[in-house]
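Visitor: So the chains spell out like this:
There are 2 protein chains.
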Amino acid sequence: MKCDKILMIISDGMPDRPIKELGMRTPLQAAKTPGFDRAVKEGAGGTMNIIAPGVVPGSDTAHLSLFGYDPFKYYSGRGPFEAAGVGIDCRPGDVAFRCNFATVDDKMRVVDRRAGRIKDGTKELADSISSMNIEGVEIIFKEATEHRAVLILRGDELDPRVTDVDPHEESAIIHECLPLVPEAEFTAKVVNKFVIESYKILMKNQVNLERASKGLPVANSILPRGAGILRTLEKFESRYGLKAGGIAGVALLKGVFRILGFDLINVKGATGGIDTDMSAKGEAALRNLDSYEFVTINIKAPDIAGHDGDSALKVKVIERMDAVISRILRDLPEDTLLVLLSDHSTPVSLRNHSADPVCIAMRGHGIRVDTVEKFDEISCKAGILTGLRGIELMQFMLGIMGRAEKFGA
Amino acid sequence: MKCDKILMIISDGMPDRPIKELGMRTPLQAAKTPGFDRAVKEGAGGTMNIIAPGVVPGSDTAHLSLFGYDPFKYYSGRGPFEAAGVGIDCRPGDVAFRCNFATVDDKMRVVDRRAGRIKDGTKELADSISSMNIEGVEIIFKEATEHRAVLILRGDELDPRVTDVDPHEESAIIHECLPLVPEAEFTAKVVNKFVIESYKILMKNQVNLERASKGLPVANSILPRGAGILRTLEKFESRYGLKAGGIAGVALLKGVFRILGFDLINVKGATGGIDTDMSAKGEAALRNLDSYEFVTINIKAPDIAGHDGDSALKVKVIERMDAVISRILRDLPEDTLLVLLSDHSTPVSLRNHSADPVCIAMRGHGIRVDTVEKFDEISCKAGILTGLRGIELMQFMLGIMGRAEKFGA
Numbered sequence: 001m002k003c004d005k006i007l008m009i010i011s012d013g014m015p016d017r018p019i020k021e022l023g024m025r026t027p028l029q030a031a032k033t034p035g036f037d038r039a040v041k042e043g044a045g046g047t048m049n050i051i052a053p054g055v056v057p058g059s060d061t062a063h064l065s066l067f068g069y070d071p072f073k074y075y076s077g078r079g080p081f082e083a084a085g086v087g088i089d090c091r092p093g094d095v096a097f098r099c100n101f102a103t104v105d106d107k108m109r110v111v112d113r114r115a116g117r118i119k120d121g122t123k124e125l126a127d128s129i130s131s132m133n134i135e136g137v138e139i140i141f142k143e144a145t146e147h148r149a150v151l152i153l154r155g156d157e158l159d160p161r162v163t164d165v166d167p168h169e170e171s172a173i174i175h176e177c178l179p180l181v182p183e184a185e186f187t188a189k190v191v192n193k194f195v196i197e198s199y200k201i202l203m204k205n206q207v208n209l210e211r212a213s214k215g216l217p218v219a220n221s222i223l224p225r226g227a228g229i230l231r232t233l234e235k236f237e238s239r240y241g242l243k244a245g246g247i248a249g250v251a252l253l254k255g256v257f258r259i260l261g262f263d264l265i266n267v268k269g270a271t272g273g274i275d276t277d278m279s280a281k282g283e284a285a286l287r288n289l290d291s292y293e294f295v296t297i298n299i300k301a302p303d304i305a306g307h308d309g310d311s312a313l314k315v316k317v318i319e320r321m322d323a324v325i326s327r328i329l330r331d332l333p334e335d336t337l338l339v340l341l342s343d344h345s346t347p348v349s350l351r352n353h354s355a356d357p358v359c360i361a362m363r364g365h366g367i368r369v370d371t372v373e374k375f376d377e378i379s380c381k382a383g384i385l386t387g388l389r390g391i392e393l394m395q396f397m398l399g400i401m402g403r404a405e406k407f408g409a
Numbered sequence: 410m411k412c413d414k415i416l417m418i419i420s421d422g423m424p425d426r427p428i429k430e431l432g433m434r435t436p437l438q439a440a441k442t443p444g445f446d447r448a449v450k451e452g453a454g455g456t457m458n459i460i461a462p463g464v465v466p467g468s469d470t471a472h473l474s475l476f477g478y479d480p481f482k483y484y485s486g487r488g489p490f491e492a493a494g495v496g497i498d499c500r501p502g503d504v505a506f507r508c509n510f511a512t513v514d515d516k517m518r519v520v521d522r523r524a525g526r527i528k529d530g531t532k533e534l535a536d537s538i539s540s541m542n543i544e545g546v547e548i549i550f551k552e553a554t555e556h557r558a559v560l561i562l563r564g565d566e567l568d569p570r571v572t573d574v575d576p577h578e579e580s581a582i583i584h585e586c587l588p589l590v591p592e593a594e595f596t597a598k599v600v601n602k603f604v605i606e607s608y609k610i611l612m613k614n615q616v617n618l619e620r621a622s623k624g625l626p627v628a629n630s631i632l633p634r635g636a637g638i639l640r641t642l643e644k645f646e647s648r649y650g651l652k653a654g655g656i657a658g659v660a661l662l663k664g665v666f667r668i669l670g671f672d673l674i675n676v677k678g679a680t681g682g683i684d685t686d687m688s689a690k691g692e693a694a695l696r697n698l699d700s701y702e703f704v705t706i707n708i709k710a711p712d713i714a715g716h717d718g719d720s721a722l723k724v725k726v727i728e729r730m731d732a733v734i735s736r737i738l739r740d741l742p743e744d745t746l747l748v749l750l751s752d753h754s755t756p757v758s759l760r761n762h763s764a765d766p767v768c769i770a771m772r773g774h775g776i777r778v779d780t781v782e783k784f785d786e787i788s789c790k791a792g793i794l795t796g797l798r799g800i801e802l803m804q805f806m807l808g809i810m811g812r813a814e815k816f817g818a
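Chains as they are written, first to last, in my numbering: chain A, 1 to 409; chain B, 410 to 818.
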């Protein structure tokens, strides 16, 4: 009996550090996790560096690494992944940015970086500034969720090595886009012109006039950041021979999935928020194992609890996730390799990602069952998967499935 | 609560191998070490390769690696570090050697490689041969401790790829300096001329005439070895944002500290010898945590006991060090990450450095507390720091302190 399929569940930002309020335990140590524990007990455990020791992974670079794509080679900035997440495919040469709709005063000082977390009317606003042409460069602009949006520059001689317009804090004047290398001077000029032109147009837009009349912050400015280009890469299915489907709530990860050629599996109630319907995601994953050889779910909730610095919430979220794992273990087809891990740690004490290793459990035919019985940051260290790095994971799993090619004879 | 500072205590050459006279225990297993044990129990342990498995570190290459500077990139020979240790800053293009004052007979056969471990008069001897000019190359020569000295060649077209003049054994004829590559022919010629010229001058020096009249071995010859150039490197503070101070007795390590831009913290009684005043070093380290974000101490004594092949002495020295660790733990500020490790193993049975991994303990806010309770070569293996390499250590610690930059978004 061999495993023919993989179900990879990514508990975003779950690993943590000892926390005083939890009796110097990590949230994962403090939570009751019979599901995670069963998986590691019936299989193998480990702790791993997703990118390299001491390298703090972003969500995007971590997921690329987990799927076997070296982020040092394939990553140049977040823009193209965000764009793919809202359905825009970057072409070679495009430079993409993630943006916020923001409120600025007449001195271009940021009053609200999220324009009152604007929800309605962003499509009209985006349409009013998309399709313009600046110095021969085509502007593609599309709204995403709430105040978020993406900007694509399409034309010749563009270069992503430019600074952010977004000052990343309120009451600061918006930044001029500056070239980091001489080759990017033209790109910076186009970005700066776009920021000015779009301000003029947005100020007069009906949506904003109505917001102003209601006393709401107007979405009169666009703040681009995270410039990047899309690197050419071999799609996941062609590279590994596994048809892949991905479930995620947030646009960035949908973008990573789309760029790698995964089908997006839409799940009602999968929001990418703290209140996401995890069980629906789990059920959808089980169902889709009929159609795909590789199914992956990202659950963002523990990362959000980490960013919020809320240890009690993190414990609660982990226990909700654990129920999903228990559910999946009940009905998981015998031919499926189950992989539980995280893209990075998000310690409550840092309220941000950290380079601390993540824990991993793997269960299924072909896995050497080790002595680990508890799924946490310390217990897993004794497991046989310890030392594996993110970039090596896919190749390791192909080996477990008997799909890896022999080197030599 | 986060750690903002680092105190790194380097027990030089402490790890060892099982020794018959110690009941097949290592000195660290045989010694009573409540201080080291407390540190690892309250924090995390590990065993690590300072450079790479099977690579035997020198003191210089090990310390470079520990501070995050790849020795394969930044190290070309010991000379520039010894020179920096006695206060001479190499310039780009300089070739530096460490040297001994030695006694040779009229056939240039080495009678005493250390000229009777000469102590007095070396400044006069050095001054008499410094500042000469050979083939357009400026000679800078300076005495160090006892029979040791440094030689700098300053000029055009110099190349460090030459062999040692020092035959490294007594009753051998001193070696001719030979080029290892054609580009180093000129350098070898200058070195050989310097050896002959300095012999002529030293033979007539008043210090030597007096030594001869007292029946002491004359310091009539210079034996250069360890040629190297200084590679350009970014200073530690600029690279990591941590103001650093270093405490060491021996010139080589003072040199490493100076080259990386550490302030040298002078401690009365810190000799670099077996009888060094360890407690004074510990007290100085604690005191200087007010002024520096990174304080490091090297304690050479266990390495010396290893080189001497004296297991009982090594146990004794380790217990003396342990008292210092206990003392430090008593008053260590809460914001300080304590790191205990070694630069390499110096097994008593080899009387030399070995490639055996070293043990490490890390204690402070942000560290995941593991199950290790004893600080020794075997117990530490189960710890979560196992697998980390020397070169990755700084980046790992920046991550613990929440100072590492995110790669991606």
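To be clear, the hints were calculated from the coordinates, so they are not data collected in a lab.
Hints may contain errors.
Residues of chain B placed beyond 10 Å of chain A at every Cβ, according to the derived structure [to be verified]:
1) Met-433
2) Gly-502
3) Glu-547
As a list, the in silico DSS-like pairs of lysine-lysine whose alpha-carbon atoms are at most 30 Å apart [as the list claims (entries may be wrong)]:
4) A:Lys-20 with B:Lys-644
5) A:Lys-235 with A:Lys-193
6) B:Lys-644 with A:Lys-41
7) A:Lys-316 with A:Lys-142
8) A:Lys-235 with B:Lys-815
9) A:Lys-142 with B:Lys-815
10) B:Lys-602 with A:Lys-32
11) B:Lys-783 with A:Lys-189
12) B:Lys-516 with A:Lys-374
13) A:Lys-41 with A:Lys-214
14) B:Lys-450 with B:Lys-516
15) A:Lys-73 with B:Lys-725
16) B:Lys-441 with A:Lys-316
17) B:Lys-482 with A:Lys-41
18) A:Lys-20 with A:Lys-32
19) B:Lys-482 with A:Lys-20
20) B:Lys-441 with B:Lys-644
21) A:Lys-235 with A:Lys-32
22) B:Lys-644 with B:Lys-482
23) B:Lys-482 with A:Lys-316
24) A:Lys-41 with B:Lys-411
25) A:Lys-316 with A:Lys-374
26) A:Lys-374 with B:Lys-783
Only a predicted model underlies this, so the values are computations on that prediction, with no experimental measurement involved.
Note that CB positions come from ideal geometry on N, CA and C, so glycine has one too.
Visitor: Determine for every hint whether it applies to the structure shown.
Guide: Results for each hint:
no., hint, in the structure
1, Met-433, "holds, 25 Å"
2, Gly-502, "holds, 30 Å"
3, Glu-547, "holds, 40 Å"
4, A:Lys-20 with B:Lys-644, "violated, 36 Å"
5, A:Lys-235 with A:Lys-193, "violated, 36 Å"
6, B:Lys-644 with A:Lys-41, "violated, 48 Å"
7, A:Lys-316 with A:Lys-142, "violated, 36 Å"
8, A:Lys-235 with B:Lys-815, "holds, 26 Å"
9, A:Lys-142 with B:Lys-815, "holds, 27 Å"
10, B:Lys-602 with A:Lys-32, "violated, 77 Å"
11, B:Lys-783 with A:Lys-189, "violated, 61 Å"
12, B:Lys-516 with A:Lys-374, "violated, 73 Å"
13, A:Lys-41 with A:Lys-214, "violated, 58 Å"
14, B:Lys-450 with B:Lys-516, "violated, 61 Å"
15, A:Lys-73 with B:Lys-725, "violated, 52 Å"
16, B:Lys-441 with A:Lys-316, "violated, 44 Å"
17, B:Lys-482 with A:Lys-41, "violated, 44 Å"
18, A:Lys-20 with A:Lys-32, "holds, 18 Å"
19, B:Lys-482 with A:Lys-20, "violated, 42 Å"
20, B:Lys-441 with B:Lys-644, "violated, 38 Å"
21, A:Lys-235 with A:Lys-32, "violated, 38 Å"
22, B:Lys-644 with B:Lys-482, "holds, 15 Å"
23, B:Lys-482 with A:Lys-316, "violated, 48 Å"
24, A:Lys-41 with B:Lys-411, "violated, 34 Å"
25, A:Lys-316 with A:Lys-374, "holds, 18 Å"
26, A:Lys-374 with B:Lys-783, "holds, 23 Å"
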